[in-house]
Amino acid sequence: MIVYRGQGMLNNEFQKLINREGGLLSFNNFLSTSIDEEVSLIFARSATDNSDLTGVLFQMDINPSIDSTPFALLDNDDLSPYSEWEKEILFSMHTIFRIKTMTQIEDRLWQIELSLTNDKDEQLQSLTKYIREETLGLTPWHRLGRLMINMGELEHAEQICEAILDATSNENIENVALMHGDLGCINVKKGDHKTALTFHQRALELQKYAPNFDVINLTTTYNSIAFIYHSMGDYQNAILFSEKSIEINKKYLTIKSLSSGYAYHNMALAYLSLGSYSIALSYFEKELEILQEYLPTYHPSLAVTYDCIGATYQELGDYAIALSFHKRALEIQQKYLPLNHPELAMAYGNIGALHIALDDCQTGLLLHQKALEIRKISLPPNHPVLAISYNNIGGAHRSLGNYLQALTMFQKALEIRQQSLPANHPSIATALNNIGTVYHLMGNYSMALSFLQQSMEIKEKMLPENHSDLSELQGNIGIIHQAMGNYPMALSFYEKALKIQKESFPETHSHLGVLYGGIGEVYRLMGHYVDALTNFQKALDIFQSSLPSNHSLLSTTYNNMGLVHDSMGDQSLALSFYKKTLEIQEKTLPAHHPFLGTTYNNIGVVYRRMDDYATALFYQQKAFEIRKRSLPGNHIDLAITYYNIATIYDFLQEYAKALEYAEHAVAIAQTALNRNHPFTKTFQELFNELKSRTS
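58 is the number of the first residue of the sequence shown in my numbering; add one for each residue after it.
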C-alpha cells in the first residue's frame with residue numbers, strides 16, 4: 058500500500074534532509090497521510106507560496122502484513138471530517154521510515170519516497186538497542202531522565218533528576234549516587250565542569266561505601282571524573298582516574314567491559330592533548346577493539362572513537378587515513394542522530410579541519426559554519442564547545458586572508474573560554490596564540506608578540522616541555538622576531554621548535570617542513586644564501602612527499618627559493634620559482650588574497666633587476682592594488698610596495714613620482730617598525746637621495 062503526505066519544510070531544514078538519503082526519518086507527532094496523491098500534492102505545492110518553505114510530497118510504501126505497523130485508517134466521519142475526500146490514514150508518534158529516493162518535481166517542490174521500517178530491519182535494531190542501553194534506569198522516571206539527557210533536553214532532564222533525588226531516601230545510597238552521576242552528566246553537557254565534578258565526586262564517595270558494591274557504576278564514575286579533568290585541562294588527573302577505572306575493571310571483572318573501553322578513551326584523549334600522539338593512538342585502538350566486540354556496527358559511540366582516531370592521524374600528518382576514519386564516523390552519525398546533535402557538529406568540524414590542512418579552506422569554512430549552526434541550536438551560548446567552532450572558523454578566515462573576520466572569531470573563542478574554563482587552561486592559550494598570529498599577518502608585531510607571550514606563559518606551566526604545541530608557539534614567536542628584524546632571536550626560537558618537532562613527529566611531517574622554511578628565511582635575510590637554500594630544499598622535500606601538489610606550503614617554499622636566487626643574482630631561476638608559486642596561488646586563492654600581492658611584488662622586483670621597467674611596474678601595481686585592498690594602511694608590506702614602485706620611477710627618472718612613493722614607504726615603516734630596522738633605514742636612504750635630486 059502506498060500513502061502520501063504533502064507539507065512544507067523550512068528551506069534550511071530541507072537542505073539538511075536532502076543529505077540523508079538512505080538514513081532514517083522519524084516524525085515527532087501523529088502523522089496524517091492520504092491514499093490520494095493529488096490531494097497531498099496540492100498541500101505540498103501550496104507550501105511554495107511561502108519563500109521560506111520547500112514543498113515536499115512524501116510517498117510512503119507500507120507493508121500492512123508487518124505485525125507492528127503503527128497506523129490506522131480513518132474512514133469514519135466521526136473520526137475525521139475530511140475522510141470522504143482525503144481518505145486519511147493516521148500513523149502513531151515517532152513512526153520510523155527509511156529515506157529511499159528524492160526527486161525534484163519543480164523549483165522548491167520535491168517528492169521523497171519513504172519505506173516503513175520493520176522489526177527485522179537490522180540497522181533499526183541496532184538503533185533500538187542503543188536507545189534502550191542508553192536509557193536504562195531504576196524507574197520509568199529515571200529512564201525518562203536518561204532519555205532527555207541523550208536527546209539534549211538538558212533543562213527537562215535536570216528537573217526530572219532533581220525531583221527523583223528529592224524523593225529518594227538518603228539511606229538508598231546506590232540510587233542517590235546514580236542521580237548525582239546523572240546530574241554530573243547534565244552539567245558536563247551544559248559546559249559547567251566545576252559543578253559536574255562536584256556531583257561526580259559525591260557519587261564516587263557514596264559508591265565507595267555502598268553496601269552493594271557495583272563495579273560498573275564505580276568505574277563509570279571514575280571515567281566521568283577523568284573526562285571532566287581532561288575538559289578542564291588537568292591531563293595528569295585525567296590519566297590518574299582513567300588508570301583507576303582500568304585497575305578496578307581488571308581486578309573485579311574476568312572480561313573487558315565497556316567501562317574499560319571508555320577508560321581507554323579518556324586515557325587516549327589526555328595523551329592526545331599532551332602531544333603524545335602515538336600513545337594516544339594505541340589507547341584509541343584498545344578502546345575500538347572493545348567497542349567493536351560489544352556494540353552494534355552503527356552504534357554512535359563507535360562514531361566518536363572513529364572521529365578521535367581520525368583526529369590523531371591528522372596530528373600525525375597522515376591525512377588520507379584521517380579522512381577515512383572521519384567519513385566512517387559521519388556515516389553513522391548522519392543516519393542515526395538528530396540533525397542538530399552536537400556529535401554531528403564534531404564530525405563536520407573534524408572534516409573541516411582536515412580540508413583546511415589540505416588547503417581546501419573554502420570547503421573547510423563551510424563545514425565549520427555547519428558545525429557552528431548545529432552547536433548554536435543545541436548548546437548554551439557560553440559553552441566551551443562553541444568556542445571550538447569559533448576558533449575553527451577563525452582559522453579558515455585566516456587562511457583565506459580575511460584577517461578582520463578571523464580576529465573577530467578568535468576573540469569570540471577567547472571570550473567564551475575565559476568565562477567557562479580555568480584561567481590557565483591550554484585552550485585559552487590556544488586562543489591567545491591564534492589572535493597573535495592574526496596580528497602578525499596584519500603587521501601589528503607588538504600586539505602579536507604580546508598575545509603570543511601570554512600564550513607561552515600558560516602553556517609552559519601546563520604542558521610538558523617537549524609538547525608539540527610549545528614548538529608551534531616558539532615557531533610563531535620566531536616569525537615575529539624575524540619580521541621585527543631580530544634575526545638571531547628568530548633563529549633561536551626556530552631551532553628550539555625544531556628540536557621538539559623532531560621528537561614528536563615523523564621526518565616527513567609538514568610541521569618540520571614549516572620550521573625548515575622559517576630557518577631558511579632567517580638565513581636568507583642574514584645573507585647566508587647557501588644555508589638558506591639547504592633549509593628550503595629540506596622543506597621542499599618534505600612538502601612534496603606529504604602534501605598535494607597545489608598546497609600553499611609548496612607555493613611558499615617556491616617563493617622563498619626564488620628570493621634566494623634573486624639575491625644571488627640568478628634572475629631567470631628566481632623568475633621560474635616565482636611563476637611556480639603564482640601558478641598554485643592563482644588556482645587556490647581568492648583574487649585579492651595578500652599572498653598573491655607578495656608574489657606579484659617579487660616578480661616585479663625580478664623584472665626591475667632585469668631592466669624591464671614597464672613589466673616591473675605592471676606587477677608592482679598589481680601587488681599595490683591587492684595590498685591596498687586587503688591590508689591595514691600601516692602594514693609593512695604596503696611600505697615595501699611603495700618602496701619598489703619608487704625605485705622603478707627612480708630608474709625611469711620620474712623623480713617626483715618616485716619621491717611621493719618613497720615618502721609613503723618611510724611613513725609606514727616608522728609607524729610599523731623601529732627606526733633601526735633594516736627596512737626603515739633602506740627606505741629612508743632612498744627618500745633622502747630622491748629629495749636631494751629634486752631640490
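No lab work stands behind these hints, which were simulated from the structure alone.
Quick caveat: nothing in here was measured; it's all calculated off a predicted structure.
Some hints could be false.
Below are the DSBU-like pairs computed for lysine-lysine, each with C-alpha atoms no more than 30 Å apart in a straight line [unchecked claim]:
{"hint": "1", "residue 1": "LYS246", "residue 2": "LYS265"}
{"hint": "2", "residue 1": "LYS553", "residue 2": "LYS518"}
{"hint": "3", "residue 1": "LYS251", "residue 2": "LYS433"}
{"hint": "4", "residue 1": "LYS637", "residue 2": "LYS595"}
{"hint": "5", "residue 1": "LYS265", "residue 2": "LYS427"}
{"hint": "6", "residue 1": "LYS636", "residue 2": "LYS685"}
{"hint": "7", "residue 1": "LYS384", "residue 2": "LYS157"}
{"hint": "8", "residue 1": "LYS559", "residue 2": "LYS343"}
{"hint": "9", "residue 1": "LYS559", "residue 2": "LYS247"}
{"hint": "10", "residue 1": "LYS343", "residue 2": "LYS301"}
{"hint": "11", "residue 1": "LYS469", "residue 2": "LYS251"}
{"hint": "12", "residue 1": "LYS637", "residue 2": "LYS679"}
{"hint": "13", "residue 1": "LYS559", "residue 2": "LYS595"}
{"hint": "14", "residue 1": "LYS553", "residue 2": "LYS595"}
{"hint": "15", "residue 1": "LYS265", "residue 2": "LYS301"}
{"hint": "16", "residue 1": "LYS265", "residue 2": "LYS307"}
{"hint": "17", "residue 1": "LYS595", "residue 2": "LYS246"}
{"hint": "18", "residue 1": "LYS714", "residue 2": "LYS636"}
Have a look at the derived ranges for each label pair, beta carbon to beta carbon [claimed, not checked]:
{"hint": "19", "residue 1": "GLU643", "residue 2": "ASP668", "range": "24 to 32 Å"}
{"hint": "20", "residue 1": "ASN229", "residue 2": "LYS157", "range": "46 to 54 Å"}
{"hint": "21", "residue 1": "ALA480", "residue 2": "ALA377", "range": "37 to 45 Å"}
The C-beta atom is built at its ideal place from N, Cα and C for all residues, glycine as well.
Would you check the hint for LYS343 and LYS301, treating anything up to 30 Å between C-alpha atoms as holding? 17 Å, holds
Below or equal to 30 Å on CA atoms is what counts here, so check LYS636 against LYS685. 23 Å, holds
Has the given pair, LYS384 with LYS157, been kept, meaning a C-alpha gap of at most 30 Å? 21 Å, holds
Straight-line Cα separation of LYS637 and LYS679 no greater than 30 Å? Judged against 30 Å, a Cα distance of about 18 Å means the pair holds.
If you draw a straight line from the CA of LYS469 to the CA of LYS251, is it 30 Å or shorter? Given that 30 Å is the threshold and the Cα spacing comes to 22 Å, the pair holds.
Taking 30 Å as the top limit, are the C-alpha atoms of LYS553 and LYS518 close enough? Answer holds: LYS553 to LYS518 is near 17 Å, not above 30 Å.
Within 30 Å, alpha carbon to alpha carbon, are LYS559 and LYS343? 27 Å, holds
Tell me if the straight-line CA distance from LYS553 to LYS595 falls inside 30 Å. Holds: LYS553 and LYS595 sit about 17 Å apart, inside 30 Å.
Evaluate the given range 37 to 45 Å for the C-beta pair formed by ALA480 and ALA377. At 39 Å between Cβs, range holds.
Under the criterion that the straight-line Cα-Cα distance not exceed 30 Å, is the pair LYS251, LYS433 satisfied? 22 Å, holds
Compare the distance between the alpha carbons of LYS265 and LYS427 with 30 Å, and conclude whether the hinted pair is satisfied. Outside the cut-off at roughly 44 Å; violated.
For the pair we were handed, LYS595 and LYS246, check the Cα-Cα distance against 30 Å. Answer violated: LYS595 to LYS246 is near 46 Å, above 30 Å.
Of the numbered hints stated above, those contradicted by the structure are hints 5, 9, 17, listed in ascending order.
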